[in-house]
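Protein chains in written order, with our numbering: chain A, 529 to 856; chain B, 154 to 458; chain C, 9 to 314.
Treat the hints loosely; a few may be bogus.
[To be verified] A few chain C residues that face chain A, going by a derived Cβ cut-off under 10 Å, partial list only:
#1 G132
#2 D136
#3 Q147
#4 S209
#5 G217
#6 R222
#7 I226
#8 K228
#9 Y229
#10 A230
#11 R232
#12 N233
#13 I236
#14 T240
[What the hints assert, rightly or not] Here are a few chain C residues that sit away from chain A, every Cβ distance over 10 Å (derived from the structure):
#15 T51
#16 D100
#17 I106
#18 V218
Think of the hints as simulated: they come from the structure by calculation, not from any bench.
Glycine included, every Cβ here is placed at the ideal spot set by N, Cα and C.
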Amino acid sequence: MPDVNHSPLLSVEDLKTYLFLRRGVVKAVDGVSFQLREKETIGIVGESGSGKSMTCLSILRLIPAPAGRIVAGRILLDGVDVLGLDEKKMSAEYRGRRISMISQDPLTSLNPVFSIGDQVGGPFRYHGLKKGRKGIREAVVDVLGRVKIPSPAQRLKAYPHQFSGGMRQRVVAAMAIACGPRLLIADEPTSALDVTIQIQMLQLLEDIQRETRVGLILITHDLGVAAYICQRIAVMYAGRIVEFADVRTIYKRPSHPYTQALLNSVPRLGEKKKRLFSIEGQPPDLLTPPTGCAFWPRCERKLEICRREYPPQTPIDGEGYVSCWLYK
Amino acid sequence: MSVAPPSQSAAAAQTLARRRGKAGLKGFASWLLRLPWFPLLILLVVFFCATVGPYVTPHDPGALNLSMALKPPSWQIGGTAAYPLGTDNMGRDILSRMILGAKISVIVAFWAILFSGAIGTLMGMFSGYFGGKIDMIIMRLVDIQMSVPALALALILSASLKPGMTTVIVVIVVTYWTWYARIVRGEVLSLKERDFIALARIAGCNAFMILLKHFLPNILNTLLVLATLQLGSVIIYEASLSFLGLGIQPPDVSWGLMLSDARPYISVAWWVITLPGLAIVLTCLGSNLFGDWLRDTLDPKRRQL
Amino acid sequence: MLKYLLSRLLQGVVCIIGASVIIFVASRVSGDVTLLLLPPDATPEQQRIMRHELGLDKPYVVQYLLFAGRAVRGDFGKSYRWQTSALKLVLDRFPATIQLAVCALVFSVVVALFFGVLSAVYQGSWFDSFGKVFALLGQAMPGFWVGLMFILFFAVKLGLLPAFGRGGLKHLILPAVTLGWYSVAAQTRMVRSAMLDVLDSDYIQTARGVGVPRWILIWKYALRNAAIPLVTMLGVYFAAMLGGSFIIETIFAWPGVGRTVVEAIFARDYPVVQAGVLFTSIFFVLSNLLVDLAYGFIDPRIRYVR
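Take these sequences, add in the hints, and give me the full structure.
Written out as structure tokens, the structure reads:
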């Protein structure tokens, strides 16, 4: 296979997704841009409400309508703008086929009244990849084997509640990779799992990536998980990426005050601190966000200009950038 | 698919508005505007017909006038303004009979709901509070009673006792007490474990006092909503019985009875079979809508009463 | 599972026995039946003879036991009117009632699924509002009046459908729709509410995420979950139809048990009344029993736990 295809697999350009509620407009994603290459893993890190899930739902075009709408931006997958496709094409050729998602909670992600054979067969059936009961059955057994579910052929008729959380997450992963997607989005895949199972899940993701060259976006609030598997990390706050750099830079030389604060709040073994560090203040109310840089009310190093204008992107080492007036 | 279910945000908005608490005249005016006017209007009209109505009917509801039999309503050809809604097969004015029918329906509904509510609540409270054997017996009784289709039981009873207004009330009470018993039992069971009950027991109150002073006020809301929602159901039930001839008997007037009288003439006189039915529908609608509004306002999360 | 089944069956039997007591008591509540059966100028001696013949001079408990004993053997006595076995009269007419009730149930379920699912999918649209108004009105209308209006409209004014009697499909339509009317509003609301919950669930999101086409998503994946509460309640609704059959059959002159019982009541034909109502009660209890059992089978989560 020809190696090193450096043109980006995924290119998100100035994505803006707003929620139009009765109370006002929530700018859930407010100008997000990044690129992802084949076989690369990007982690999107941030607090709840930072916009990380919304960004990925936007890529899949699964924003809850009618309140939510993608108002601006382009999302290019292999050069094709996903936002320009009509829904029918999106559903038939992209969702589940070229772009897939592994969702957060394994306990509720699978339909309780259908067998797992039926559910995993879905993607094959609806994308026309396999025809006939036998063909689909074989494909299902095959993909279940790839996610390391033991004795898949015997368990086709089993129901989700007969599996543990970790197993269920694998089944969800099987559904996601069934059609060989180019882009895989994992939304907090480990949050609902025990610590010992978390590692297994991450290893599974790595194996999948190695086999299929899929581009992986990992959403998480857990910095440890991000460090384990990602090459680059995007830190999001209030709907924007405030810092984007490769994983070593983020952890060794974080630039943005928010990133620094996040790293400080993780207690380290062996360290003796009197008080746990936590970031002062509350996450911003997205209905009435602060002017200028959204982080300034909680920032320890804020400048006067931070209150007035949103900082432009400043490149930092490698291909990263940071949006902060301190570096302009 | 929407982000938040509309009903939730509407309820939240209502709570917000209430909490902001506009004081004084402005607050009163806005409260007035938020009342459910449509059902209230209907219920007021019915109430008016039931109380004052019989004294102001344009004609004597029982007066026979065979020469004017089966006259259509005033807006149709052949109708006269003297009989605005037409006449029935005996020449009796439909409007006057409908007004009188309202009175009978309201009386029956009132007593029926009162007694079935009282008995049902009592049984429900005993069942829920004392539990054990008493609970088992009462609930078994409820199950058994609900094994016989309501209308069938009503028919048999009505036939055995002499049909008439009292019998109808008795029959309705016998059928409906079970609903109250079940629901009250549920409420009592959920309240039983609460601290204020334990405190009352420690303070030395006997069972009766506890039931009366502590449980009753808390389930009053539910009872009120239930009673309002039952109004329509009871009226339909009574109408069904009267329609079959085992409910209200002449010379009393009931909407159901009017429909039964009208049946043979269905092919020639549409108004006799339609209008009394509309009265039933509107009354039911009013009570259902009002009951829904009541249930929303008396939501336990915002205890008002 | 078996233990549960047995205990529910036992409960059902108790209910049926209790029902028979209630029916027995209700028929005897007025006191002396003979006064109604004999001509008004009957002598006290004749009354005494009749009372003895009918076994009415024995204590009530004994009467009940005799009644129950015979009932179990299928002997409800002879109809006072027709002089044939009361039970046979009832059994002959039972298929007609079942046919009507089943058709009514099918009708109501189909309508409820259609309106409930679409109201949920297009929540907030005019379709949804229309459905809500429809349900509201439907609940406020007495079933028998709806039947009369149907007759007025379809039979009298339009002459499209027959107003009474049992015959072909045409005869079935109006009575079945009227009988089903009772439950349509409640069922629709149940389907709609369940559907809304399901459409919001994570697993539907997952299915959407793997590209399941919209209509299959709604009618296969979502509906299977949303229908669970409805299906488990089918027994209750069927029982409600049985209850409503008394009045609906009377309006449409449908030759079923309901109408027979009503006629028998007016004719003071107690054996038929008792047989008819008890039989209906048995089916009533069975339908409700089915509800509990169905719940265990439909939801795979419970099926395997038990």
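To see whether the hints hold, each was checked on the structure:
{"no.": "1", "hint": "G132", "result": "9 Å, holds"}
{"no.": "2", "hint": "D136", "result": "13 Å, violated"}
{"no.": "3", "hint": "Q147", "result": "29 Å, violated"}
{"no.": "4", "hint": "S209", "result": "7 Å, holds"}
{"no.": "5", "hint": "G217", "result": "4 Å, holds"}
{"no.": "6", "hint": "R222", "result": "7 Å, holds"}
{"no.": "7", "hint": "I226", "result": "13 Å, violated"}
{"no.": "8", "hint": "K228", "result": "9 Å, holds"}
{"no.": "9", "hint": "Y229", "result": "6 Å, holds"}
{"no.": "10", "hint": "A230", "result": "9 Å, holds"}
{"no.": "11", "hint": "R232", "result": "5 Å, holds"}
{"no.": "12", "hint": "N233", "result": "6 Å, holds"}
{"no.": "13", "hint": "I236", "result": "7 Å, holds"}
{"no.": "14", "hint": "T240", "result": "13 Å, violated"}
{"no.": "15", "hint": "T51", "result": "72 Å, holds"}
{"no.": "16", "hint": "D100", "result": "42 Å, holds"}
{"no.": "17", "hint": "I106", "result": "30 Å, holds"}
{"no.": "18", "hint": "V218", "result": "3 Å, violated"}
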